[in-house]
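K.L.:
The sequence shown begins at 2 in this note's numbering and counts up one residue at a time.
Some hints could be false.
[Stated by the list, open to error] In silico SDA-like cross-links for lysine to any residue, where the CA-CA straight-line distance does not exceed 25 Å:
(1) K12 <-> M2
(2) K12 <-> L23
(3) K12 <-> R34
(4) K12 <-> L27
(5) K12 <-> I25
(6) K12 <-> L24
(7) K12 <-> F22
[Stated by the list, open to error] Cβ pair distances, simulated, as ranges:
(8) L9 <-> R41: 45 to 55 Å
(9) R44 <-> L23: 37 to 47 Å
(10) L47 <-> D5: 33 to 43 Å
(11) E40 <-> M2: 18 to 28 Å
Calculated directly from the structure, the hints in this document are not laboratory data.
Just so it is clear, CB atoms sit at the ideal spot from N, CA and C, and this is done for glycine as well.
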Amino acid sequence: MNHDTLVLIAKTVGPIWMGGFLLIVLIRAWNPRRRAEQERIARSILADAGEDGR
């Protein structure tokens, strides 16, 4: 493999890989079944900050 071939592979596979990763993150973030868990986590952080009196 020469340098040009590796650059071509990186330029084609890289964006596909990152796009797939972004898609997985978005699906997990906006999954309605996870909303209750995310709300519980968000409230626990806010409750901990409120107990300090700040």
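K.L.:
Now look at each hint and say whether the structure bears it out.
P.N.:
Going down the list of hints, with the structure as the test:
| no. | hint | in the structure |
| --- | --- | --- |
| 1 | K12 <-> M2 | 15 Å, holds |
| 2 | K12 <-> L23 | 17 Å, holds |
| 3 | K12 <-> R34 | 36 Å, violated |
| 4 | K12 <-> L27 | 23 Å, holds |
| 5 | K12 <-> I25 | 21 Å, holds |
| 6 | K12 <-> L24 | 19 Å, holds |
| 7 | K12 <-> F22 | 16 Å, holds |
| 8 | L9 <-> R41: 45 to 55 Å | 47 Å, holds |
| 9 | R44 <-> L23: 37 to 47 Å | 27 Å, violated |
| 10 | L47 <-> D5: 33 to 43 Å | 53 Å, violated |
| 11 | E40 <-> M2: 18 to 28 Å | 50 Å, violated |
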